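Line by line, the protein sequences give chains R and C.
Letter by letter, the first sequence follows residues 3 to 251 in this note's numbering.
Letter by letter, the second sequence follows residues 46 to 490 in this note's numbering.
These are calculated hints, taken from the structure and not from any lab test.
Check before you lean on any hint, since a few could be wrong.
[To be verified] Per the computed footprint, the stretches of chain C lying under chain R, defined by three or more beta-carbons under 8 Å from a beta-carbon of chain R, are:
1) 437-451
2) 459-469
[Unchecked claim] Below, a list of computed lysine to aspartate or glutamate pairs in the EDC-like style, where the Cα atoms sit at most 16 Å apart:
3) R:K141 / C:E464
4) R:K141 / C:E467
5) R:K110 / C:D449
6) C:K104 / C:D412
7) C:K401 / C:D412
[What the hints assert, rightly or not] Listed below are several chain R residues computed to face chain C (Cβ distance under 8 Å; list not exhaustive):
8) A111
9) V146
10) G150
Because the structure is a prediction, the values reported are computed rather than measured.
The beta carbon of each residue, even a glycine, is placed where N, CA and C say it ideally should be.
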Amino acid sequence: MLEIKNLHATVDGTEILRGLDLTLGAGEVHAIMGPNGSGKSTLSYVLAGREGYEVTEGEVLFRGENLLALAPEERAAAGVFLAFQYPVEIPGVPNTTFMKEALNAVRKARGEEGLDAMQFLKLLRAKTKELGMSEEFLKRAVNVGFSGGEKKRNEVLQMAILEPTLAILDETDSGLDIDALKAVADGVNALRSPERSLLVITHYQRLLDYIVPDHVHVLSKGRIIRSGGPELAEELEAKGYAETIEAAA
Amino acid sequence: MSEPLNLEPLSLETVERRWEAASAALPGAGLGWLDALRAEGLARFRDAGAPTPKLESWKYTNLPRALRERDYAPSASTPRAGIDRVASLLPETAEPHRLAFLDGRFSPEHSRLEDLPAGVILAPLSALLGEAPQRLEGLLRRPEEDRELALDALNAALFDEGAALLLDRGVALERPVELLFLGGTAERPVESQLRLVVALGEGAEAQLVEHHQGLGEGAGLTNLVSDIHLDAGAGLTHLRMQEAGTEAIHLAGSRILLQRDARYRSLAVTSGGALSRHGLAVELLGENAEVVLDGAYLLRGRQHGDTTSVIRHAVPHTRASQTYKGALDGRARAVFQGRIVVEPGAQKTDGRMLNKTLLLSDKAEIDSKPELEIFADDVVCAHGATAGALDDAALFYLRSRGLDARSARALLVEAFVAELIEDFPVEALRPALTQRLRAWLAAEG
Numbered sequence: 003m004l005e006i007k008n009l010h011a012t013v014d015g016t017e018i019l020r021g022l023d024l025t026l027g028a029g030e031v032h033a034i035m036g037p038n039g040s041g042k043s044t045l046s047y048v049l050a051g052r053e054g055y056e057v058t059e060g061e062v063l064f065r066g067e068n069l070l071a072l073a074p075e076e077r078a079a080a081g082v083f084l085a086f087q088y089p090v091e092i093p094g095v096p097n098t099t100f101m102k103e104a105l106n107a108v109r110k111a112r113g114e115e116g117l118d119a120m121q122f123l124k125l126l127r128a129k130t131k132e133l134g135m136s137e138e139f140l141k142r143a144v145n146v147g148f149s150g151g152e153k154k155r156n157e158v159l160q161m162a163i164l165e166p167t168l169a170i171l172d173e174t175d176s177g178l179d180i181d182a183l184k185a186v187a188d189g190v191n192a193l194r195s196p197e198r199s200l201l202v203i204t205h206y207q208r209l210l211d212y213i214v215p216d217h218v219h220v221l222s223k224g225r226i227i228r229s230g231g232p233e234l235a236e237e238l239e240a241k242g243y244a245e246t247i248e249a250a251a
Numbered sequence: 046m047s048e049p050l051n052l053e054p055l056s057l058e059t060v061e062r063r064w065e066a067a068s069a070a071l072p073g074a075g076l077g078w079l080d081a082l083r084a085e086g087l088a089r090f091r092d093a094g095a096p097t098p099k100l101e102s103w104k105y106t107n108l109p110r111a112l113r114e115r116d117y118a119p120s121a122s123t124p125r126a127g128i129d130r131v132a133s134l135l136p137e138t139a140e141p142h143r144l145a146f147l148d149g150r151f152s153p154e155h156s157r158l159e160d161l162p163a164g165v166i167l168a169p170l171s172a173l174l175g176e177a178p179q180r181l182e183g184l185l186r187r188p189e190e191d192r193e194l195a196l197d198a199l200n201a202a203l204f205d206e207g208a209a210l211l212l213d214r215g216v217a218l219e220r221p222v223e224l225l226f227l228g229g230t231a232e233r234p235v236e237s238q239l240r241l242v243v244a245l246g247e248g249a250e251a252q253l254v255e256h257h258q259g260l261g262e263g264a265g266l267t268n269l270v271s272d273i274h275l276d277a278g279a280g281l282t283h284l285r286m287q288e289a290g291t292e293a294i295h296l297a298g299s300r301i302l303l304q305r306d307a308r309y310r311s312l313a314v315t316s317g318g319a320l321s322r323h324g325l326a327v328e329l330l331g332e333n334a335e336v337v338l339d340g341a342y343l344l345r346g347r348q349h350g351d352t353t354s355v356i357r358h359a360v361p362h363t364r365a366s367q368t369y370k371g372a373l374d375g376r377a378r379a380v381f382q383g384r385i386v387v388e389p390g391a392q393k394t395d396g397r398m399l400n401k402t403l404l405l406s407d408k409a410e411i412d413s414k415p416e417l418e419i420f421a422d423d424v425v426c427a428h429g430a431t432a433g434a435l436d437d438a439a440l441f442y443l444r445s446r447g448l449d450a451r452s453a454r455a456l457l458v459e460a461f462v463a464e465l466i467e468d469f470p471v472e473a474l475r476p477a478l479t480q481r482l483r484a485w486l487a488a489e490g
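Chain C with its partners taken away, still in its complex shape (with noise of 0.2 Å):
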């Protein structure tokens, strides 16, 4: 099923035939709300195409320009073989669940599925549709009439593959879910539709390891959405790291739900792609949720990292707070924007936003936006955003102390972004994390 090599990727004529050629075979073809749901996206697709800069939040984040002159294979072609093993950033004593795909097609070798606890359901998205697809019917988010969102409903539309982690009420899983999703295994790139669904009932509590990476320059297109729904007191503690290949394009955008008391943390590191963007939208519903949004981005070259988030406070003493924190080098450009949504009545709302950014280079940029819609009048809101060099003072201190110029940079980098990573609160994480960090900052610029 070899593509002419002319079309422009994520077109309306390529999504089309894509449609034409995949529809019939998608996964939970022939669900009736499955197929309403893909319909739909389709359609929502139609209507606005592929965001372009002309759209407010995506001002800063030219994704027709990354896409000129590539060309992607859809993910059904064969993946190259003989990748004996894919990277984990945690220790073998975690044992983790492991689901792994290559280029978006789920590997059961590379995977660890084996003793799941009772009332867990951790699958590839494409077998439970086959298998219990009503699991599934009301998680997956319903395309919304916003231009902004076309990628989503693009997703909704071909999604063929991706995870599910479903968790009956009370449930609290000792050990650690891994999702590996590794790109740049197949001969050429490949374009992956994937969806993420998680799903926590009443009380339960999961940690979630969301790591994609690249073989090579991985240079693949990665479209992901994910669903997480958090009932009344359920907890989830969610990494996602994201280091795709340099040129790999990836997309992603996560909508969370949180009922009554139920907490989500997240630590959202971005250190691949030659384009990426991560779309955040939080939902606050119920009294007493909270969310800590932590993230961590290390840019260089020409690499462009977009984070937008909208956070929304639908009732009355909810809590959000949000740290980005990051260190572009070279030509690197971040993109920064978050709004906070304080809705009428949603009183004693305490909404927090901090973005700091250590530019390396006069050539790098930040965009930061933050925005404020509040329309209560009993809440805290602050937002805060700095970018600026390393401190001249610090770094001759350290000189001074016999740290050549490029270890005392890679001590102050490593000093303002590993706050994050400290604080992160899955330990076993820990080594791997400032491995990585320590890489990036050992690695020339």
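For reference, chain R alone in the conformation it holds in the complex (with noise of 0.2 Å):
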């Protein structure tokens, strides 16, 4: 599904990922955790393909092909998606028209039609449903005057909607109390599927509790250190990153 050799990205002229080897397999979960600054939303960012993150080594491949070489766009048509650890304000445009736009505009790119607004409408309430949100989220101007844990249930919203082959998750545990945490927790379960793989960034374990991840790897100054299976969470969170990171040194 993705495969990641070597991968080094500089931001602003600074080395972030010096070196990055990773692989997931289809309908694999895999964790990511490490200490601020490892490099763990450059790496998200880089997948997703911002301007800004410049790629200097190495290459990505997603079933098989240059991710690397693709727009955003591009990329979210071939099923990539990003869970934006800080998801964006867009004052005037109604979530209801971002999410069809957005999904109409991935459906043409993979040459499927385009669903009418009444199909649309229909396939977003089962959805809104199904993750237990309320229908006035819709409304609203996208994460426009919504809470933490709002923003964070709008991405996995759209990555509902998007129906991905592989979604990242950028620290989407952060600034959710634990009802909210859950209730996105469940809402990510729900989309686990064997055709669907996960990549779960997170500062924390705590979130690794309700996604349990196959593979968990620690990034350390933009290279992972060392993997393991779920209970290598645990014991970063009872040592800390620092010990972790210097017995693995």
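Can you join these two chains into the complex? Each is in its own frame, and there are hints to help.
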């Protein structure tokens, strides 16, 4: 599904990723944990194709294709989805309009027919209900005036609508209280399937109590320094990053 | 009546020749008050000449340069035949009362004047000046000794057509009034000197759609002066759509006088013209008078669009709010100059002004200049201006969800401007305005 080989990336001339290797199989859930500044968000932006994140070495293959050659919208059409750590507020654009434009853009890029307003609304209502969200969400401008939890749920809703094959969750737990965290995790778990891979990026272990990963990786200074099963997350929580990183060095 | 091609438009020489050729045959010629007004207008224009960037409020708008190498026929020339329909922003179901003008000539076949209710006059100015000129006496602005207003003076001297909408006290017009001005219909580009007179009696209500459009490049010159009078408690909602041809020069000056409790609400949309200028002079003359002046400009290429307003709060307890937003692409340039004047004693004034511009290219330019002149101490006045590119974070967010760069930009610009359309209280206009906005966004930059 996803193969990252010796990835180096710079932001404003500073090297943040320094030879990152990672392989995700179809249907697998991988967690990347790391302290602040280890390169977690840079990795998510590089995978989604944000401007200003320059890849200087290495490659990223998504279903065997060079992901880095694609524009952000082409990656979305290919099935890559990034749930943002800080979802962007877009005043004046209703949430419903936004999601309809997004879904139809992706469908057209895949050679499928766009949904008309009625079909889309039906789908959106069903997904909103599945995620236990209020329909009132849909009328408001994208993320404007949303609480932290609502923004993250809105990300999960977009993911449910777009049905990506690779979803990257960038610190989806940050800023959430325990109820919101559970709701978001339930939403994500409902989307787990043998065809869909998840890359869960987080600072804390607690999200992984709810979204249980198959593999856990520790990121430090732009490289994966240790990999293991779910128990690695618990070890990190118990010992802290400093000790774990030192032991791996 | 063809003229030599080497005369500079709006030069003194050109104006003198026009005057000599046309003055005796101008509508209303022989009416004492109107002859005096025209003579005064000509005298003022002789003193001032056409405005140049040396004048304070014309600093950013170089009219002489825009007129260089251009040449116009007087509006008397023959219109091109075969225009079956003039575009309307209103759905047929709105059944607007309509006056249409092709290059400054009234066109009965494109107009709709049947079933006007009692107490309403809607007529081409030339006709009304023949039939009931006394209805217009006192409603036309007298030319002022202000060089900045030289085009108003010129218009007073030479206007030869236009529209009048007069409502008796207490009349609420149910159907909207539509004024269609189509340029580019003549063989040669035409100079049109037009006058618009709107007077609403006490408590009268109307919706007005003023729509300037062009065939092809619509390369004419329009100088339009509007006199709008709102008596106590009267209310006017006014859409001004200026989508003249991309080679047109469109100059407009509006004076809006509001008495006690009167309300005026306008939305001015500007997407046409090589160079356009809309001058607004609002006078809040009675307590509780209120104006909302909104505007949207969408310009690209080398288009230049100028909005210059003066809002004068003459008495206590008046309110004015002004929100102008626009998007500029290519080498387009917009000018927004807004002056708020609060006269001594005009306490409890509420005056707000906001100008926000999206610059879609590095070469686009906005010159935004607010001015406050406040001579009272118990007032709330605020102004703000922003200009900047589209938000990169928002663009990336949309693209990461599958929208291509162009659609993402269009969605953001639409959201930025659409707010003004949604706030405008004439719902019947929304579909057409939204369609215009989307068409502009979809066109190549």
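Hint check:
Given a C-beta distance limit of less than 8 Å, the hint that chain R covers the region 437-451 of chain C holds, as 13 residues qualify and 3 suffice. Requiring three or more residues with a Cβ within less than 8 Å of a Cβ of chain R, the coverage given for the region 459-469 of chain C holds, as 5 such residues are present. Annotation: proposed proximity of R:K141 to C:E464 holds, straight-line Cα distance about 15 Å (limit 16 Å). For the proposed pair R:K141 and C:E467, the alpha carbon gap of about 15 Å is at most 16 Å, so the pair holds.
For the hint linking R:K110 to C:D449, the alpha-carbon distance of about 11 Å falls within 16 Å, and the restraint holds. A hinted pair counts as satisfied when its Cα atoms are at most 16 Å apart, and C:K104 with C:D412 qualifies at roughly 10 Å. A threshold of 16 Å between alpha carbons decides the hint, and for C:K401 with C:D412 the separation of about 11 Å falls inside it, so the pair holds. Interface restraint check: R:A111 against chain C, minimum CB-CB distance 7 Å, threshold 8 Å, status holds.
Taking 8 Å as the C-beta contact cut-off toward chain C, the hint placing R:V146 at the interface is violated, the least distance being around 10 Å. At a threshold of 8 Å, the smallest CB-CB gap from R:G150 to chain C is about 17 Å, leaving the interface hint violated.
Hint check: violations occur at hints 9 and 10; the rest are consistent with the structure.
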